[in-house]
Amino acid sequence: MRAPNIIKIENLLIQIFLASAAIVMLYPIFMMVLSAFKTTPEIFISPFSMPKKFNIENFQVIWEKTNVPRYFLNSIIVTASSIALLLITGTMAAYAIARYKFRGALMVSLFFLSGLMLPLRLAIIPLFIQLKYLGLIDSLLGLIFIYTAMSLPATVFILTGFLRSLPKELEDSARMDGASELRIMLDIMVPLISPALVIAGIYSAVPIWNDFFFPLIFIQSAEWKTLAQGFTAFFGEYSINYGVLYAGLSLASLPMIFIFIAQSRRFIAGMTAGALK
Amino acid sequence: MERSNYQRAKSFRKLKKQLWLLFLLLPPALILITFIFLPMASALWYSVYDWNGLIRGEFVGLENFRKVLLDPERNWFFFNALKNNVLVFVSLMIIQNGTALVIALFLAREPKGARFYQVVFFIPVILSTVIIGFQWKMFLNPVFGLINKILNAIGLHDWALPWLGLPETALPTMILVNAWAWVGFPAIVFLAAIHRIPRDLIEAARLDGGSEWQIAKDIIWPLMAPAVTIIVVLTFIGSFNWFELPYIMAGLEGSPAYSTDMLGLLFYRTAFGSISAGGTEFGVGSALAAIIFIVIFVFSIIATKILVAREVELN
Chain A
92 MRAPNIIKIE
102 NLLIQIFLAS
112 AAIVMLYPIF
122 MMVLSAFKTT
132 PEIFISPFSM
142 PKKFNIENFQ
152 VIWEKTNVPR
162 YFLNSIIVTA
172 SSIALLLITG
182 TMAAYAIARY
192 KFRGALMVSL
202 FFLSGLMLPL
212 RLAIIPLFIQ
222 LKYLGLIDSL
232 LGLIFIYTAM
242 SLPATVFILT
252 GFLRSLPKEL
262 EDSARMDGAS
272 ELRIMLDIMV
282 PLISPALVIA
292 GIYSAVPIWN
302 DFFFPLIFIQ
312 SAEWKTLAQG
322 FTAFFGEYSI
332 NYGVLYAGLS
342 LASLPMIFIF
352 IAQSRRFIAG
362 MTAGALK
Chain B
350 MERSNYQRAK
360 SFRKLKKQLW
370 LLFLLLPPAL
380 ILITFIFLPM
390 ASALWYSVYD
400 WNGLIRGEFV
410 GLENFRKVLL
420 DPERNWFFFN
430 ALKNNVLVFV
440 SLMIIQNGTA
450 LVIALFLARE
460 PKGARFYQVV
470 FFIPVILSTV
480 IIGFQWKMFL
490 NPVFGLINKI
500 LNAIGLHDWA
510 LPWLGLPETA
520 LPTMILVNAW
530 AWVGFPAIVF
540 LAAIHRIPRD
550 LIEAARLDGG
560 SEWQIAKDII
570 WPLMAPAVTI
580 IVVLTFIGSF
590 NWFELPYIMA
600 GLEGSPAYST
610 DMLGLLFYRT
620 AFGSISAGGT
630 EFGVGSALAA
640 IIFIVIFVFS
650 IIATKILVAR
660 EVELN
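Just so you know, the sequences run in chain order A and B.
Heads up: the first sequence is residues 92 to 368, going by my numbering.
Heads up: the second sequence is residues 350 to 664, going by my numbering.
Hints were generated in silico from the structure; no laboratory data involved.
Watch out, some of these pointers could steer you wrong.
Dumping the calculated SDA-like pairs for lysine to any residue here, alpha-carbon to alpha-carbon at most 20 Å [unchecked claim]:
no.	chain 1	residue 1	chain 2	residue 2
1	B	Lys498	A	Met141
2	B	Lys654	A	Met208
3	B	Lys498	A	Thr130
4	B	Lys366	A	Ala270
5	B	Lys461	A	Val115
6	B	Lys498	A	Leu117
Facing chain A, a subset of chain B residues (Cβ under 10 Å, in silico) [what the hints assert, rightly or not]:
no.	residue
7	Leu381
8	Phe455
9	Ile480
10	Ser635
Pairwise CB distance ranges (calculated) [claimed, not checked]:
no.	chain 1	residue 1	chain 2	residue 2	range
11	B	Pro376	A	Ser111	47 to 55 Å
12	B	Gly600	A	Met208	25 to 33 Å
13	B	Arg423	A	Ile179	42 to 50 Å
14	B	Arg415	A	Ile136	54 to 62 Å
15	A	Glu314	B	Leu505	43 to 51 Å
16	A	Pro160	B	Ile404	36 to 44 Å
17	A	Met208	B	Lys461	39 to 47 Å
18	B	Val492	A	Arg357	39 to 47 Å
19	B	Arg555	A	Ser111	22 to 30 Å
20	B	Ile655	A	Ile97	32 to 40 Å
21	B	Phe493	A	Asn96	46 to 54 Å
22	B	Glu517	A	Ile179	50 to 58 Å
23	A	Val289	B	Ile655	33 to 41 Å
24	B	Asp549	A	Glu101	15 to 23 Å
Using N, Cα and C, we set each Cβ at its ideal position, and we do this for glycine too.
Next up, chain B with everything else stripped away, as it sits in the complex:
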């Protein structure tokens, strides 16, 4: 009698614990399933069907993928956008993250006002890309914009170009705007990584007469490798998700002459319709989304593998 009461109490407690856990886990799980997992799974599912507006049609296998990649009438758009995304990634790695590294190395020496500089470099990071895009679009206006007024004022009249209007300069200009806006982020991440390196290590190298360049190259750079890995991957994901800045500064069609077209813009046009892409094409759009996803996924894994291999453990 005693024992069964004890058992009953025990199983009651167990049930109570399970209900409590269920209460804690079910609401967040449901939100995640409904708004992330279900749509992500459906995106793949949708790509193998023909779509008529919002109505799903027949199963068409890989036809939508063929349209994106092989159809001579339209695959130019895909490869053009892909090329531009790659260009954005490579340029940001060099210009934005390179500058960030220099800033971080300088700030790590704790110059006067280091804290102030950190805050200043981080300000644009918290601002909306839309705000930044509009602001720079106004600065870059060929007639009224500040940039050309400054260039004219200092005598560089030949440089006062319609920066966003020429196919050769539009994308580089937007890349510079992006670098301006985001440089603070990698700088702070790099700086935090440098701060984690034991001070004695750097001091000892300095006492041994190592130059600042040698210290940066042989001690700081290898030891901050994990931060570099993260920044490379995040920059890649960011570059392949580029949408807001070109949308605001150059419009949905990647003007001029598709020189600023991006996979994100092409995806939006294909899915929801536009002048060049015509009406909505959910099937082809889903196929394009799947391809973009695979590109990001494969790169992230390969890059992480390669970059993690060169990380050194301190201990």
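With the rest of the complex left out, here is chain A:
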């Protein structure tokens, strides 16, 4: 056994390390938000002090003069629709794989799992030609389909695991009572895996919300740009107005940060779901 005061010193050193690391992580975000309330000259002259007064002019400029609100709306539409389509189709596939015995079941589950390993970015050229052919270039619908497809393998993987763990007696007794397969699925089984749906949803929603690559290639008009992509245009336009830029950055990141802090357990479980199986 080591002496208690050595342990005390160890714990103190650990606290010092963790606290300084936390400052390194938080300070940039804190400065970003602080600067959003300053005027541009104020940012240059006194970058470290608190704003003289918390003026919201920068945010007004963004609301009234830029496309950022529109980008925000597009990102919400794309993310919400993708996740809805993803969870519906993902549950369907996972339910068939997890709850029924049929010939070729193994092949079907391998088919869905193999998508896990394919980096879709590298297929951007054929995807571009294909979307052009389908009339889905410069359309949010195109993005929604791509994101759904991209996230399906992981979703099926996560949901299959949870659906397999449900006891067979549940559906058998409902089947005795004459409930249809669809009713059994929707009324009995799916509600039981709602925590898994949340985890799978978060696992996909964060990368979809943040994605920059696919909109960069498939979306051209300002009307349909998503937030991450629209930001490049916004940045070019206001490149010297630091106050507005910081306000834009804060607007884009704070909602996510608040949702994360409120739901941190679920977020961390969700985002590491792929790595912790």
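Following the hints, complete the assembly by docking chain B onto the known chain A.
Same frame as chain A, now just chain B:
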């Protein structure tokens, strides 16, 4: 009569089950085929053709691959980018994942505020790389940026460099930004792996007088091997997909002087055109994509093989 009715009912039930399964499986399968499998297969197919804009030309065999790898006019770009991607991977393994391991080992001792620290370290992970890239680009601005203001304020005037403007510092700076943004992810994965190790094992070693270093080295490290395997592979895939951060912070051409060029940027330039690469070249771009895919695929398999071999089962 009875029997055939029974048979008919049975085959009707079977048909009903098959239709139900088809209904469940067909829509997700169609989405996957249309938007993943078909384009992935086409990517290989496209690489052996000559392309004129969006129009497919003649079959040219491996000519596009030769252009990427052997053409003395352009293969410099490929090997330069490859070198940079490897550099990113190695640096992230040491800086980002090394720091993450230290954080995880410390958090596993359940210091005061462990939960708070977990949340704090994870915040940048949920943020968009675009946001992070722009934010750090502003902090790193040589004239107005906070970083140089801080360096000047504490007397390190010689250190107040145009960090993103020098070929020697641009890539290391971006690697540090990436480490800042992502360190929370491996930290949480490592921490979860450590939590799975039975407590008595660590307590017993402590009672036997093992030092913290010995416990970490001889008990925790071997037993968290599966998590290490996953993080190594994910870091490799992430490093070879590096695109957003250099694109935002250094632009499409990997400035300055291609010191931050990446395979992802080169692929984008080749496929969709740019100043240095000229117009769109779907054939050469597809060949490059196939090469990147093979590199990622082969590494993932070899790394998994080697790393899984050293994993020990507890039981």
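Review point. Hey, does the Ser635 of chain B contact hint survive, CB to chain A under 10 Å?
Key: holds (6 Å)
Point to revise | Hint check for Met208 of chain A and Gly600 of chain B - Cβ pair distance inside 25 to 33 Å | key: Given a distance of about 31 Å, which is inside 25 to 33 Å, the answer is holds.
Review point. Range hint 54 to 62 Å: satisfied by the CB atoms of Arg415 of chain B and Ile136 of chain A?
Key: Holds, at about 58 Å.
Exercise for review: Could you check the hint for me, namely that Pro160 of chain A and Ile404 of chain B are 36 to 44 Å apart, CB to CB?
Suggested key: Given a distance of about 40 Å, which is inside 36 to 44 Å, the answer is holds.
Review point. Has the given pair, Lys498 of chain B with Leu117 of chain A, been kept, meaning a C-alpha gap of at most 20 Å?
Key: holds (18 Å)
Review point. Do the alpha carbons of Lys498 of chain B and Met141 of chain A lie within 20 Å of each other, as the hint requires?
Key: Holds, at roughly 16 Å.
Check your understanding: Measuring from beta carbon to beta carbon, are Val492 of chain B and Arg357 of chain A in 39 to 47 Å?
Key -> holds (42 Å)
Review point. Taking the least C-beta to C-beta distance, is Phe455 of chain B closer than 10 Å to chain A?
Key: Status holds, d = 5 Å.
Check your understanding: Taking the CB of Phe493 of chain B and the CB of Asn96 of chain A, does the distance hold inside 46 to 54 Å?
Key -> At roughly 48 Å between Cβ atoms, Asn96 of chain A and Phe493 of chain B fall inside 46 to 54 Å, so the hint holds.
Check your understanding: Lys654 of chain B and Met208 of chain A: Cα distance at most 20 Å?
Key -> Roughly 16 Å separates the two Cα atoms, so the pair holds.
Point to revise | Ile655 of chain B paired with Ile97 of chain A, Cβ distance criterion 32 to 40 Å | key: holds (38 Å)
Check your understanding: Between Glu314 of chain A and Leu505 of chain B, does the beta-carbon spacing fit 43 to 51 Å?
Key -> Holds - the Cβ-Cβ distance for Glu314 of chain A and Leu505 of chain B, about 47 Å, lies within 43 to 51 Å.
Consistency note: the structure conflicts with none of the earlier hints.
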